[in-house]
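*Asks:* Sequence:
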Amino acid sequence: MKDEDVKLIKDSYFNLLAVFFEQEHIRGSHMRCILKWGVHLNISEHDIDVIGKGLHAAYVPPASEIDRLESVYHLVHMIYLDQMVEDSELEVASIYASRLGFQNGMVGDLFKSIATVEFDRTSPEDVRKEVIDFLKLQKS
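Position in the sequence shown (first residue = 1) + 9 = our numbering.
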């Protein structure tokens, strides 16, 4: 994966984290999921300081429709970091996707479909295209 792609995924990770930090209470299972993704993404102290602004970064809505779609793709990427799909990951992803402005039902269908895909046999580019195509189809 290219460095630029990794940075974009980390940007999405910190944006997701900001959404959960806005909440009065974060469920333990959600926090474990977010921390697990951070470990799998190799989030460093430098990332926390620069990208995450010392964990004081505020949620920034994606600037365009394509950016929103890319953010959902980044969620899919994070879910598959360990080649396992857990309920808590789908819950966290659904909360963030809802904040991105996607309807819960549509995102639920997307996550159900990706939960049944053998991710390790599919290239990241193919998954990215499938996610974006799915969301575009649902929108029309």
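Honestly, the hints are just simulated from the structure, not real lab data. A hint or two may mislead.
[As the list claims (entries may be wrong)] List of simulated lysine-lysine pairs, DSS-like, C-alpha gap at most 30 Å: (1) K138 to K19; (2) K45 to K62; (3) K16 to K145; (4) K138 to K16; (5) K19 to K45; (6) K16 to K45; (7) K45 to K11; (8) K16 to K62; (9) K11 to K138.
*Asks:* Given the hint that K16 pairs with K145, does the C-alpha gap stay at or below 30 Å?
*Replies:* 24 Å, holds
*Asks:* Within a Cα-Cα threshold of 30 Å, do K11 and K138 meet the stated pairing?
*Replies:* With Cα atoms ~17 Å apart, K11 and K138 stay inside 30 Å; holds.
*Asks:* Given the hinted pair K45 and K11, is their Cα-Cα distance within 30 Å?
*Replies:* 22 Å, holds
*Asks:* Do the alpha carbons of K138 and K16 lie within 30 Å of each other, as the hint requires?
*Replies:* Between K138 and K16 the Cα gap is close to 19 Å, so the pair holds against 30 Å.
*Asks:* Would the hint linking K16 and K62 be met if the CA-CA limit is 30 Å?
*Replies:* 14 Å, holds
*Asks:* Is the Cα-Cα distance between K19 and K45 30 Å or less?
*Replies:* 13 Å, holds
*Asks:* Are the Cα atoms of K138 and K19 separated by 30 Å or less?
*Replies:* 20 Å, holds
*Asks:* CA of K16 to CA of K45, is that 30 Å or under?
*Replies:* Measuring from Cα to Cα gives roughly 17 Å; hence the hint holds.
*Asks:* Are the Cα positions of K45 and K62 separated by 30 Å at most?
*Replies:* Roughly 20 Å between the alpha carbons, so the hint for K45 and K62 holds.
The structure meets every hint from the earlier list without exception.
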